[in-house]
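Protein chains in written order, with my numbering: chain C, 1 to 321; chain H, 322 to 665; chain B, 666 to 1166.
The set of hints was computed from the structure by calculation and includes no laboratory data.
Hints may be right or wrong, so weigh each one.
Claimed, not checked - Here are the simulated lysine-lysine pairs, DSS-like style, with alpha carbons at most 25 Å apart:
{"hint": "1", "chain 1": "C", "residue 1": "Lys210", "chain 2": "B", "residue 2": "Lys989"}
{"hint": "2", "chain 1": "C", "residue 1": "Lys212", "chain 2": "B", "residue 2": "Lys1007"}
{"hint": "3", "chain 1": "C", "residue 1": "Lys210", "chain 2": "B", "residue 2": "Lys1039"}
{"hint": "4", "chain 1": "C", "residue 1": "Lys166", "chain 2": "H", "residue 2": "Lys627"}
{"hint": "5", "chain 1": "C", "residue 1": "Lys212", "chain 2": "B", "residue 2": "Lys1039"}
{"hint": "6", "chain 1": "C", "residue 1": "Lys210", "chain 2": "B", "residue 2": "Lys1028"}
{"hint": "7", "chain 1": "C", "residue 1": "Lys166", "chain 2": "H", "residue 2": "Lys545"}
{"hint": "8", "chain 1": "C", "residue 1": "Lys212", "chain 2": "C", "residue 2": "Lys121"}
Note that this is a predicted model, so its numbers are computed, not measured.
The chain contents come next:
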Amino acid sequence: MKTKMNVNQIIKKYNLIFLLVVFIIISTILSPSFLTLNNFLNLLQQASIPGIVALGMTLVIILGGIDLSVGSVLAFSGMIVSMVVFRFQGSAVGILAGCLTGLVVSAIMGLVTGGLISYFKLPDFIASLAMMEIARGAALLTTSGNPVFNLGDAFHVIGGGFVFGKLAISAIFWVILTVILALVLKYSIFGRTLFAIGGNREAARLSGIKTKRNYVVTYVLCAMLSGFAGILTASWMSTGQPTAGTGYELDAIAASVIGGASLSGGVGSVTGTFGGVFLLQILTNIFNLVGLPSYYQRIAKGGIIILALLLNKFVSKSKVK
Amino acid sequence: MKKNKLVMTLTLVLVMVMMLSACGSEPSDTAANNGSSGTEGSTTGGTEGEAEGTFTIGFSNCSQDTPFFANMTPIIEEYGKGKGVEVISLNADNDVSKQNKDIQDLLSRGIDILIINPVNEDGPSAGIEACNNAGVPVVTVDKNIKKGNDAWVGRDNKEMGRLVGERLIELLGGDSAAGTILEIQGTAGSTTMMDRRDGFHEAIDKVSGLKIVQSSYCDYDRSKAIPATQDLLQANKDVVAIFGHNDDMAMGAAQVCKEQNFENVLVCGVDGLMEAVLKIEEGGYDCTASNDPVLLGQTAVDTALKILGGEKADAFVDAGTVVIDKSNVAEYADSSLDFATMVK
Amino acid sequence: MQNENILEMRKIDKVFPGVKALEQVDFSVKRGEVHCLIGANGAGKSTLMKVLSSAYTEDGGEVFFDGKILKSHSTDERRKEGIAVIYQELSLFHELTVGENVYMNYYPKTRLKCVDWKKLFQDTQALADSLNIKINASSQVSELNIGQRQLTEIMKALACNAKLIVMDEPSSTLSQSEFEILVRVIKDLKEKGITIIYISHHLEELFTVGDRITVLRDGKFVTCKNIDDITEDQLVEYMTGINISQIQRDESEIHEVSEDKVLELSHMYNHKVSDINLSLHKAEVVGLYGLVGAGRTEVLQSIFGLAPVTAGEIRIHEKKVTIKNPQDAIRHKIGLTPENRKTQGLVLILPVWENMTLVSLAKFKAGGRINYRKINAECDGYKEKLKIKTPSIQTVTRNLSGGNQQKVILSKWLMQDCDILLLDEPTQGIDVVAKEEIYNLIREMTAMGKSIIVVSSELTELLRICDNIHVMYDGKQIMSSNKANFNQEQILHASVIGRTV
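Chain C extracted, bound-state conformation (with noise of 0.2 Å):
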């Protein structure tokens, strides 16, 4: 039996699908091509890996914090990944070490950037930048700016294979972290003590929570979320880019809140993100069928992300009084 939410989050969440459902028709309406099965199988494909990326974004946002560093971490740890599969020659040997050795990676830029934050309190705007900088300085330096080609078949399935046909292998990742996260967020210790430390931290630390701890492991998890995107992303494109990921943050941000997270921290939710991630994948698909310019795209895509949370305000403010 779940505990029911206050009323205020119930009221964010559907505004999420009432949203969802606007779009939707709006886009049927103006393609065709929209509400198809492929399409839509498409749209999970393409929105996985910006979703996990998201994922990390909402439990540091939560937390009260941020972190700039997610789309330059995945594109590091997408090139170390790279680097040892093309070493062992997209042996599954290769495979499993690059994949371990990414997410090691990341997982120490995410205890540097954590702990930074938390031990030395720096602010996380500022630390969060400056990783991501050296992580993208990182990435550039691994092959001198040079892609990482060839990396085999067998490498390509982890990122870019599907099941059933159709459906995106990342895809089912992307479903699979969300669930996992929203019951730790939920049923475990940890989970719940990110939103007391994102309400008010010294409250938290008051109460005899490890506010320090749990900032660096939530860093840490961040990281590693972005890592793994890295790897997929990797996959996918068959190639190691030392510029992906390039303003995956800022769409990251943008999906938590519309998500429902508030940059404040203690209120967030991963589902929320899910569809927040979702509905911004929708506004490109949407744009690329009916084939606005791409300088439209950007000026309608920030337009439309404010009117969406203009939205969400202006229906629970409306609802609850």
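On the provided structure of chain C, position chains H and B as indicated by the hints.
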């Protein structure tokens, strides 16, 4: 006490990260051309015998973020070394103001001639002016600038687009060909992109039955080209071919075709990227126009040396291109290279 | 023809969803008097004043001011009529000067329609001088202390020629000497013919400044009396509907304290206090009294692991312990309700149940996951037991009143089954009814065998509930007193001069 331990651990970790990435730049790890990796600011000395009057070439590259650009630096350095000149190279990371600074740096290090691949054609005007004032000749490579240079070594991108278009029409059945062609576009505002596009359109327009549908700008990025291709295939019926402004993107499109069972769709691009050339051999990719960075870089150095030797160079030096398809792919396929080369 | 009453609010109704905040309330204030308005939290005082200032619109009834009915419902209009309200959370701009704040939006203008700064500062200084308060009109508000800021607010009201000033809990942040200045200013204002409505929890103050007093309870008007015709106890009874004197008789009995020493501080030093020696026995209530800055909170901080002990020992059950952080303290079954409820004690955006389980969440874990059914049951139980007034345990804690928030914090530690409770100013800012409930809780907790240390600035409170009181001054412990020989004068004296006589 605890805090000190923490400082130690974190410093150690940071050092590890640095070392790990440094390890990565070993030559054997990547499929880099001819086994050399170019890092910013490297200097290659001339051979012992020709120590007197060694020229110094400064090379200002626009970025390292695509294989094409990344390859140019080591090519120019190697070739220059072989010709007995010193080469100092810098990379501007797509930042115009950095490129201007790079040029100033090169000038203060006493270069005799500047080879530059500009970030954009207006950009580094301050740096170019400084060169003009210092009496240092300027040779542009790949992309051109508006004024101030003594020669431009480049390619006729329009010709490349047109050649690919013409070959595509042949592969589609000649003048009676009909259907939709998806055009996956590069970076908005780039002259290279516009030339390739215009050349391609010029060729295709001659056949009335073929229609072109353009994608959004995918910035030569495969990760953007793949979703764009997925969506365009979804929205357009009767697609017979896909043309990407570079092979990197077109390869992404080819992958989508394979995944979504569009086996009969022809895929072509520009650049002569080895991955694409090998795919032509294997099947699944149809044609490309070579954009050999080796020949380009070497020609640039040759032109520079010509000017340094007192001769006048042509305003535009065409480094040449060739269309590679199934019929001649055997000559060009070579998995040790990044790009198909016309240099034998 | 001037009415004797400057303000008449007749049959005011105000309804919020599910709650009748005000029901047929009559409230009249005579011209030139200081009229006190009191009632428990939720009684309707703030709501009534918000209706007066037009921050809220009444659902029924009328407001007459200076003989005419106030039809307009804009706060600006009401201000222009001469009604000024000074809220508890002062509304000053800290980065601006006193003068700018006082004349905010009503700047004197030069002929060229620019702000006449010279006149602005002159007038402000004149106001300050006329009230005999030492404030420089060109100082930045951030440089002023709380008392001076309070007075700046009053000047603000005067600057727009207020005829009626409402002061909502003006003294809650003032020291004794600052309060005395406020009293004098109020007297001066009275002489100028300005009417004052004074709202405060500190009943003694009302007797100092007030002429008449109106009591509200549960949104209804209870009574209006002259200050001379009523005693403090009677006031409390009007406010709460409870007979206080009986309770106080029960409390004055001295009860036996057990021999079992649960906590002992032996020559304890930290960054602020020196040589603290006290023992806490099982079921005992120990009080720490002293002025602000005496170091009482710092003693609690060391026990709870927030301030490192630089010398001396802390012993629990006769064994020396080192408490380096809150987790250690909790493991030793110690709990702390901090001085500042909202910023240190609660996560306001989370629901009541979540704040209650903040410490003890681990005990609700079964089979790898948190059991919400168990949480709901236990939290509802505490809600009943502690009489916490909230629509449900899902309600966001921010919406509860101060007293109920404090009860939530107490439940948090009770749920953790703490043996030693450190309460820092537990009844600060809480209305009389809730205060009694908390004293009751403290009694019940000791009956359960728990031991409590209370830090408070209200000596009367400590005298009622403590078995032993220690007085602190400037980081040192200067006096200890047992219930059998409590001497209020002596304790007060010692806390102020820093030594026993």
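*Would you list, in rising numerical order, the hints stated earlier that this structure does not obey?*
4 and 5
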